[in-house]
Amino acid sequence: MNNHVVYFDNHATTPMDPRVLDAMLPYFSGKFGNAASRNHAYGWDAEKAVEDSRKKIASLIGANPKEIIFTSGATESNNLAIKGVAEMYAERGNHIITAATEHKAVLDTCKKLEKHGFRITYMPVLANGLVDLDLLRSSITDKTILITIMYANNEIGVIQPIAEIGKIAKERGVLFHTDGVQAVGKIPVNVMADNIDIMSITGHKIYGPKGAGALFVRRKGPRVQLTAQMDGGGHERGMRSGTLNVPGIVGLGEACAICQKEMAEESKRMAHMRDKLRAKLESELDETFINGTMESRLPNNLNMSFAYVEGESLLMGINDIAVSSGSACTSATLEPSYVLKALGVGDDLAHTSIRFGLGRFNTEEEVDYVADRVIQVVKKLRDLSPLYEMAKEGIDLSTVQWAAEAH
Amino acid sequence: MAYSDKVLDHYNNPRNVGSLDRNDPNVGTGMVGAPECGDVMKLQLRVDEASGVIEDAKFKTFGCGSAIASSSLATEWLKGKTVDEALAIKNTDIVNELSLPPVKIHCSVLAEDAIKAAIHDYKKKQGVRSPAEAALA
Numbered sequence: 001m002n003n004h005v006v007y008f009d010n011h012a013t014t015p016m017d018p019r020v021l022d023a024m025l026p027y028f029s030g031k032f033g034n035a036a037s038r039n040h041a042y043g044w045d046a047e048k049a050v051e052d053s054r055k056k057i058a059s060l061i062g063a064n065p066k067e068i069i070f071t072s073g074a075t076e077s078n079n080l081a082i083k084g085v086a087e088m089y090a091e092r093g094n095h096i097i098t099a100a101t102e103h104k105a106v107l108d109t110c111k112k113l114e115k116h117g118f119r120i121t122y123m124p125v126l127a128n129g130l131v132d133l134d135l136l137r138s139s140i141t142d143k144t145i146l147i148t149i150m151y152a153n154n155e156i157g158v159i160q161p162i163a164e165i166g167k168i169a170k171e172r173g174v175l176f177h178t179d180g181v182q183a184v185g186k187i188p189v190n191v192m193a194d195n196i197d198i199m200s201i202t203g204h205k206i207y208g209p210k211g212a213g214a215l216f217v218r219r220k221g222p223r224v225q226l227t228a229q230m231d232g233g234g235h236e237r238g239m240r241s242g243t244l245n246v247p248g249i250v251g252l253g254e255a256c257a258i259c260q261k262e263m264a265e266e267s268k269r270m271a272h273m274r275d276k277l278r279a280k281l282e283s284e285l286d287e288t289f290i291n292g293t294m295e296s297r298l299p300n301n302l303n304m305s306f307a308y309v310e311g312e313s314l315l316m317g318i319n320d321i322a323v324s325s326g327s328a329c330t331s332a333t334l335e336p337s338y339v340l341k342a343l344g345v346g347d348d349l350a351h352t353s354i355r356f357g358l359g360r361f362n363t364e365e366e367v368d369y370v371a372d373r374v375i376q377v378v379k380k381l382r383d384l385s386p387l388y389e390m391a392k393e394g395i396d397l398s399t400v401q402w403a404a405e406a407h
Numbered sequence: 001m002a003y004s005d006k007v008l009d010h011y012n013n014p015r016n017v018g019s020l021d022r023n024d025p026n027v028g029t030g031m032v033g034a035p036e037c038g039d040v041m042k043l044q045l046r047v048d049e050a051s052g053v054i055e056d057a058k059f060k061t062f063g064c065g066s067a068i069a070s071s072s073l074a075t076e077w078l079k080g081k082t083v084d085e086a087l088a089i090k091n092t093d094i095v096n097e098l099s100l101p102p103v104k105i106h107c108s109v110l111a112e113d114a115i116k117a118a119i120h121d122y123k124k125k126q127g128v129r130s131p132a133e134a135a136l137a
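As given, the protein sequences belong to chains L and P, one line each in that order. Number 8 in this note's numbering belongs to position 8 of the first sequence; there are no gaps in the numbering. Number 49 in this note's numbering belongs to position 49 of the second sequence; there are no gaps in the numbering.
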């Protein structure tokens, strides 16, 4: 069945590139050694593979290989970065700045720290999804030890002004962590140029394996120290104990190398397909709204609200297409997307939002197909929508007294 | 989430989509829910004056597939029932018929509310009719 489902949900996860799988396979069987075994060939093979991978990751982001710490993925990387800094620098201060549109792995980590006496500033964002740099400057106090702002957003694809944030952090002597999961491998990221001190990366968003991630931890100017969150053998410069997931690490490294080689061409192709999708949808449908700025955005992201059509019912109609919705009905919490809320998108429009995430293996034919299917289903559901009918009759829906019973 | 076959059938082939003339004295209109909650149901019914039986029912729904199915099913059930019989339709009947999961029970509640609101509207209209009109009924 999956063979017939067009996959446009590449912000959630990406299919593995077959080249990545090929690189990984030997490390599941013949080359099974423990990278920490220093006294035999199995260990040396594994260690070499791990170090090659470290180089590939470092090369993609402009870092030194020694600055790459392997983890199980971005949730662990974000936890290690934020809690690790909080614990290590607690004597210097107890204030952390983040933004309302961050991933839950950052927000919930911050909430946990709040319970332990840290003060967290959750900055609101502008209507275009970007953080307000003036607000960031004024939020920094002499107790601020960390700014954590994601590079690019997983729902709306908006790219934050990372270089400016890095500059502000450096000027004020505050560490800067960024969740780079959606950006690394998709757009040029350079930790030196951007003054990033710590950055989270994961394999499965860049056509690599799940369960393999990394954390860039700056070694010079400043030398960042993190308190380990797991105790054990002291692997990864003592920051992350645990036997290394060699096949996963090999896959992550290979995924980074492919991204580095193909990014320029691939991002153009993504932007072309994304823009075509948008143009087709907008040419056939009225009252569509783009969520987040198009000016500073990942080339593979489109987040659109289709007014008067509830997101889950739209997904049901396009069940041969894999996308996500900001509708409450599709979320575990039964609340509409908090990211869209933070942009000031009303709940009514948040319920009608669809996230299209294009990827390496999508084709232009698929773009045409997805556009046609979405247009067809949105039109059908608008024929069914009392709200569309009222809007067409010229009724201002914001003035209607709704007899809300449910929810 | 996996949908039951009946929900899929009503979603793919919704029954009785449309609108009736809301100014017709024999038409009752119920509109429940709110756009902010992600569900709005409009349900209308027309009662045959002579027999007191619901002769037509229409709906339009903004909401998830289960909300669409619940209101579609409600219009099917309304037709041929008297107003009092229609008032006896319970949300649990809809839950059972469509095999709705717990998280979708509110869709059935909304459909029951829409039926009640439409009948309330109809009764209100009937109550304010002139004696001459009432005598003809």
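Any given hint might turn out to be false.
Here are the computed lysine to aspartate or glutamate pairs in the EDC-like style, where the Cα-Cα straight-line distance is at most 20 angstroms [claimed, not checked]:
1) P:K58 / L:D383
2) P:K90 / P:E76
3) L:K55 / L:D22
4) L:K392 / P:E36
5) P:K6 / P:E55
6) L:K341 / P:D24
7) L:K380 / P:D9
8) L:K380 / L:E364
9) L:K379 / P:D9
10) P:K58 / L:E91
11) P:K123 / P:D24
12) L:K392 / P:D21
13) P:K124 / P:E76
14) L:K143 / L:E91
15) P:K124 / P:E112
16) L:K55 / L:E91
17) P:K58 / L:D368
FYI, nobody ran anything at the bench for these hints, they're computed from the structure.
Does E91 (chain L) lie within 20 angstroms of K55 (chain L) when you go C-alpha to C-alpha?
-> Distance ~34 angstroms between K55 (chain L) and E91 (chain L) Cα, so the pair is violated.
Verify the proposed pairing of K392 (chain L) with D21 (chain P), using a straight-line Cα cut of 20 angstroms.
-> holds (16 angstroms)
Between K124 (chain P) and E76 (chain P), is the straight-line Cα distance small enough, at 20 angstroms or below?
-> violated (23 angstroms)
For the pair supplied as a hint, K143 (chain L) and E91 (chain L), confirm whether the alpha-carbon distance does not exceed 20 angstroms.
-> Judged against 20 angstroms, a Cα distance of about 9 angstroms means the pair holds.
Pairwise hint evaluation, D24 (chain P) against K341 (chain L), where the allowed Cα distance is 20 angstroms at most | violated (41 angstroms)
CA of K379 (chain L) to CA of D9 (chain P), is that 20 angstroms or under?
-> Status holds; Cα separation ~19 angstroms.
Straight-line Cα separation of K380 (chain L) and E364 (chain L) no greater than 20 angstroms?
-> violated (24 angstroms)
Verify the proposed pairing of K58 (chain P) with D368 (chain L), using a straight-line Cα cut of 20 angstroms.
-> violated (35 angstroms)
Measure nothing beyond the straight line between the CA atoms of K6 (chain P) and E55 (chain P); if it is 20 angstroms or shorter, mark the hint as holding.
-> violated (24 angstroms)
20 angstroms limit on alpha-carbon distance, applied to hinted pair K90 (chain P) and E76 (chain P) | Cα-Cα ~14 angstroms, so holds.
K380 (chain L) paired with D9 (chain P) [C-alpha distance capped at 20 angstroms] | Roughly 15 angstroms between the alpha carbons, so the hint for K380 (chain L) and D9 (chain P) holds.
Proposed proximity, D24 (chain P) with K123 (chain P) (alpha carbon, max 20 angstroms) | Judged against 20 angstroms, a Cα distance of about 13 angstroms means the pair holds.
Checked against the numbered hints given earlier, this structure breaks hints 5, 6, 8, 10, 13, 16, 17; the rest are met.
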